[in-house]
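A.B. asks: Chain by chain, the residues:
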Amino acid sequence: MPQSIWPRLEPLLHKVEKPARYIGGEGNLIAREHGSAEQAKFLLAFPDTYEIGLPNLGLQILYEMLNERAETLAERTYSPWSDLEELMRKYRIPLFSLENHLPADAFDVIGFSCASELVFTNVLNMIDLAGLPVRELDRTALAEGGTRVPLVIAGGHAVSNPEPLASFIDAFVIGDGEEVIFEVAAAVSSHSTSLESGTAPGAARRDLMHELLRIPGVYVPSAYTIDYRSDGTISRFGPVIEGAQEVVEKRVIPSLADFPYPRRPLVPLTEVVHDRLNIEVFRGCQRGCRFCQAGMITRPTRERPKSQVREMVTTGLALTGQNEVSLLSLSTADYSGIESLAAAVATEHADERVSVSLPSLRVDAFTVGLASEIQKVKKTGLTFAPEAGTWRMRRVINKLIADDDLFGAVESAFSQGWRRMKLYFMVGLPTEREEDVIGIAELGRNVIEIGRKFSKGASATLSVGGFVPKSHTPFQWTQMDDAETLRSKIDLLKTSLKVRALKLRWHDPEASVIEGLLSRGDRRVGDVIERVWQKGGVFQEWSEHFDYGLWLTALDDAGLSLDFYCFRERSRDEILPWDHISVGIYRDWLWSDWEAATAQEVVEDCRWTPCYDCGVCMEFGVENLVVSTTAPAGGSQGTGRSLPPPSTEDSAQGIGHGDQAPDSLETPQ
Amino acid sequence: MTVADGAVAVSATVAPVAAPERPTGHRYRIRYSKLGRARFVGHLDLARILERTFRRASLTTLFSEGFTPHPKISFGLALPVGWESRAEYLDVSLVDAIGADEIAGRLNPVMPAGIAVEDVVSIEPGRQSLSSVVVRADYSVELARLVDGAWVPINPDKLNAELLAILGSQSLIAPRMRKGIEVEEDLRPLIFNLRVMNRANPAITCRDHLNGTSVEMTLATQSRVVRPEEIAALLSRRGLAAEAALVRREAQYANLNGELVEPMSQMLLGSKRAE
Chain A
1 MPQSIWPRLE
11 PLLHKVEKPA
21 RYIGGEGNLI
31 AREHGSAEQA
41 KFLLAFPDTY
51 EIGLPNLGLQ
61 ILYEMLNERA
71 ETLAERTYSP
81 WSDLEELMRK
91 YRIPLFSLEN
101 HLPADAFDVI
111 GFSCASELVF
121 TNVLNMIDLA
131 GLPVRELDRT
141 ALAEGGTRVP
151 LVIAGGHAVS
161 NPEPLASFID
171 AFVIGDGEEV
181 IFEVAAAVSS
191 HSTSLESGTA
201 PGAARRDLMH
211 ELLRIPGVYV
221 PSAYTIDYRS
231 DGTISRFGPV
241 IEGAQEVVEK
251 RVIPSLADFP
261 YPRRPLVPLT
271 EVVHDRLNIE
281 VFRGCQRGCR
291 FCQAGMITRP
301 TRERPKSQVR
311 EMVTTGLALT
321 GQNEVSLLSL
331 STADYSGIES
341 LAAAVATEHA
351 DERVSVSLPS
361 LRVDAFTVGL
371 ASEIQKVKKT
381 GLTFAPEAGT
391 WRMRRVINKL
401 IADDDLFGAV
411 ESAFSQGWRR
421 MKLYFMVGLP
431 TEREEDVIGI
441 AELGRNVIEI
451 GRKFSKGASA
461 TLSVGGFVPK
471 SHTPFQWTQM
481 DDAETLRSKI
491 DLLKTSLKVR
501 ALKLRWHDPE
511 ASVIEGLLSR
521 GDRRVGDVIE
531 RVWQKGGVFQ
541 EWSEHFDYGL
551 WLTALDDAGL
561 SLDFYCFRER
571 SRDEILPWDH
581 ISVGIYRDWL
591 WSDWEAATAQ
601 EVVEDCRWTP
611 CYDCGVCMEF
621 GVENLVVSTT
631 APAGGSQGTG
641 RSLPPPSTED
651 SAQGIGHGDQ
661 APDSLETPQ
Chain B
1 MTVADGAVAV
11 SATVAPVAAP
21 ERPTGHRYRI
31 RYSKLGRARF
41 VGHLDLARIL
51 ERTFRRASLT
61 TLFSEGFTPH
71 PKISFGLALP
81 VGWESRAEYL
91 DVSLVDAIGA
101 DEIAGRLNPV
111 MPAGIAVEDV
121 VSIEPGRQSL
131 SSVVVRADYS
141 VELARLVDGA
151 WVPINPDKLN
161 AELLAILGSQ
171 SLIAPRMRKG
181 IEVEEDLRPL
191 IFNLRVMNRA
201 NPAITCRDHL
211 NGTSVEMTLA
221 TQSRVVRPEE
231 IAALLSRRGL
241 AAEAALVRRE
251 AQYANLNGEL
261 VEPMSQMLLG
271 SKRAE
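Residue numbers (this note's numbering), protein chains in the order written: chain A, 1 to 669; chain B, 1 to 275.
Errors might be hidden in some of the hints.
Unchecked claim - Output of the computed footprint for chain A on chain B, the stretches with three or more beta carbons under 8 Å from beta carbons of chain A: (1) 32-40; (2) 53-63; (3) 163-170.
Everything labelled a hint here was simulated from the structure, so no lab data went into it.
Computed from a predicted model, the values in this text were never measured in an experiment.
Even for Gly, the Cβ is constructed at its ideal location relative to N, Cα and C.
Produce the complete structure using the sequences and hints provided.
C.D. replies: Okay, here's the thing in C-alpha cells:
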C-alpha cells in the first residue's frame, strides 16, 4: 500500500484552525487496505470544507456502495482550508484522503461531487493540489508522455450544465450515481489492468475515454467540438469520436428501495452542518416549480417505502447515537404518507428523546397534525418557501401556494407553540413588478400578525436570494436581473418591512450574478474560472471570500461578458450549451411551459392529476413511484381543491420570443 | 392519521396521579484516555461525541431540565486541542444502576478511535465538582524545535541543566496576558517537577516522526492551569529554543488534607467501587 502522508501532516496540524477536519477517524468510517491494481480505487472529493461536505448524502451513498465490493474501494477528501493549503504547498504535501491519509495519486479516479456552481474554482484548486494539471488536455499530454494519470470525473446538480467545467474534467456522470458508478469502475479497472500488462499510458487513457463515452449517462467533453458564431452563440455542437452519444441522457434508478443507503452514516468527530441522522425519503419532485432546477433534473419522483424509512431510522440511530432525525427530499411534506410516517418515527423514538425535523416545507401540505408530530421532543426550526410575494408571481413560477395556504400553515405552527419562522423568497423573477417585491414584506407582516395572536414574541425572518435562471428549467431562456437591479429590489424590501419582528437576510446580488454565469455558461467560461482560480479565488461560495472584482477582471481578460451569459433573453432555436445533456424532459415541453409561465397558466402535481407529458416517464420507462394512494392532506394542489383564479389585472404581455421585458420592469443594461 | 379529537372527559372516579419524583439517578466517575489522532478533537466536540456514544452504548443518562435538555455529564479540566491524555475525568448520571465493568464494556466498543474508558467508579451524588478538586497534573512532554516542517530534538544535557536551574530558582517572573493587559507573575510556585526522561522508558510512546526530547513535568492546575507550552516558552526566553511538540497529561491530583490523591481514589470518594 502506498505511504501515508500522516507523518508529514501531523506537525502542521498544530498551526491550523480545526485540525480535526483532517484526521479522519469518524464513526462508521470504512478504512481498507488497498487491493491489487485491478481494484478500482476512488478518491471521492467534495470541493468545499469538511464541515460542509461531511453530511453530503450523495457522497456517503457512493462511499458505502463502492466499499461494499472487493473490486472497488473509496476514500474521501474535502477541500483543505486556506491555512493548511498554504502549508501543504510550502512542504509539498499533496491532497490526501482521510481514511488512510494517502496522496491523491494513490487512486485511480478522483470523483468530484458538485452541489453548487461557486465551488468550481475549488475543483480546480483540488486538482492542482493533487499534483495534476488542471486542464484535461494537459493531463492527456502527460499520459502520452508516459505518466500514469488518475481519471478526474464529476457529478452533482451543479454540473447538469457541465460546459463551464468541461475543459477540466475527463468525464461527467449525469443523474443518479448508484448504478453508473460501477460501470465507470469497470472501465477504470480495465484501464489499470491494461497498464499493468505494459500498455503505454497514452494509449491506455485513450482506450479508457473510448470506453467511458459509451456508458449511458457519462459525458466525455473531449469527444465533442463546438463551433461559435460571430455573435457568440453556438452554431454547432457535435461528437467527433465514434461512439460518442449525440445526446447524453441522465441515469435514473427506478426505485430507492433497492438502495437503502447510507446504512452506516458517518459520525463526525467535529462540528459539521446538518449534524443529524439524514434519511432520504424520496428523490425527484413533480410539482413543476419553474425556477427549480433540482426538481426538474431529478424527475420522476421515487418515494422510499415507509417501512424502509422507519428501519433506516432505527438502525441509523443505533449506529450513530444521533438525537435528531431529518427526513430529506426536495419537499418532504409532499411525501405521500408523511403524517403517518412522521408520527411513527417520532413516536417510536420519543423515549430516546429523538426529535424529528423536516427541511423546508411546502406550505400547502403542512397541517396541524404534522406540526404536532414533529414538535414532540423539541421544536426544531421551521422554514417555508413561498418564493414569491404575490399569488400572480407564484402562478408565473408555478409555485401554487395561495396566500391562505401560507397563513393556514403558519397559524398551525404558531398554535402548536413555534415562535419563529423562516420564509424563503426570491427577487428578480421573470415578469416581476414592484408590487411583487413589496408583496414579500406584506406576507411577512401578515405572518407576524397571525403569530401575535398566540405570542407577543412572534417573529419571522425573510431570507431573500436573487433568482438565478438554471439549465433544464422552463426559465433557461430568460434573462436575469443584474446586481444593481437586484440590490435595488432588496433595498425596496428593507424599507417595506415596517415591523421590528420582521427581519431580512439576503444573498449577495453579485454572487447571484456569478452563479448565473456559471450555471448557463458555455465551455469558454472555463477560461474565466481558471483565471479566477489562478488569482487565488477559492471558496467563492463563502461570502467572506467572494470577490466580484476577480470575476469581472477574468471575464474581461477572456473577452467574455455577463451581458451575453446572464442579461439577455435567448431564443427558442438557439443551441444552448447544455442541449446535449438530457434530463428526460422534452425541450419543446420546457419551451411551452415557459410560454405558459408568462400567461400565468399553471401545471399541477402529476401524481394526483393526469400526466402533462413532460417526457420524463416515457424516456426512462419509470413512473412516479408513490407509497400511498392518499394525497397529502391540507390543500395540496390537484386534490380537488380549487385554486384562486389568475389575477385579472395582468395583461400578460408575452415575454421571450426575443421580445423586450414588459415596461414595468427595468430593462437591465 | 387523524389529529386528536380533543380532550377525553376524565371520569370523576379516577384518583389523581401523584406528580413523578425528580429522579436522582446513579452517578459515576469515569477516567478516560485520549491518544493518537483523537488529540485533535476539541473539548466541546468531545462533549458532543460522548453524548452520542452513551446513546450508542444504550446507556441512558439523566437529562437537565429546560428548553434544550442536555445529558447530565459534567467534565473536569478541559483538555486543549492537540494534547493527549491518559487521565481525563467526567462524572455522569445514569438512569439505571449499572456495574462499572459493564459501563466500560458497553462504551469502549463504540468510542471513537483513540478515546477509551480506563476506569469507572460509582460515586455519591453531591460530590465536589471535578474541576474544583484538582490542584496539579503530571505531563510527559516532547520538547523539540520545528525546522523546515519537521521536529528536531533538543540536546538533553543542555535541557537538563536548564531544567535544574529553573527548579533551583527562588522565583521566576514571567509575563502573562490577563484581560488584554500584560502582567507579571511568578511561575516558580506553580512548578513542582521538571525532569528529562530516560528515553528507554517503555511508557514513552516515541514516534519516529515526532522526534523530540521527553520531559516529565508536574504543574499546577490551581490557581490556574499552567501549560507545558509555558515551560517551553520559558526555556526559549532563557536561550534554549524549544516548543512542546506533543503534550500528554498523565495524571491529575486532588489535595486531600495535604495528601495528593487521584480523583478516582477511594480515599477521596469515601465509597466503594461499583460491583
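A.B. asks: Taking the hints in turn, state whether each one holds.
C.D. replies: Status of each hint after checking the structure:
{"no.": "1", "hint": "32-40", "in the structure": "holds (count 3)"}
{"no.": "2", "hint": "53-63", "in the structure": "holds (count 5)"}
{"no.": "3", "hint": "163-170", "in the structure": "violated (count 0)"}
In terms of the numbered hints stated before, the structure departs from hint 3 and from no other.
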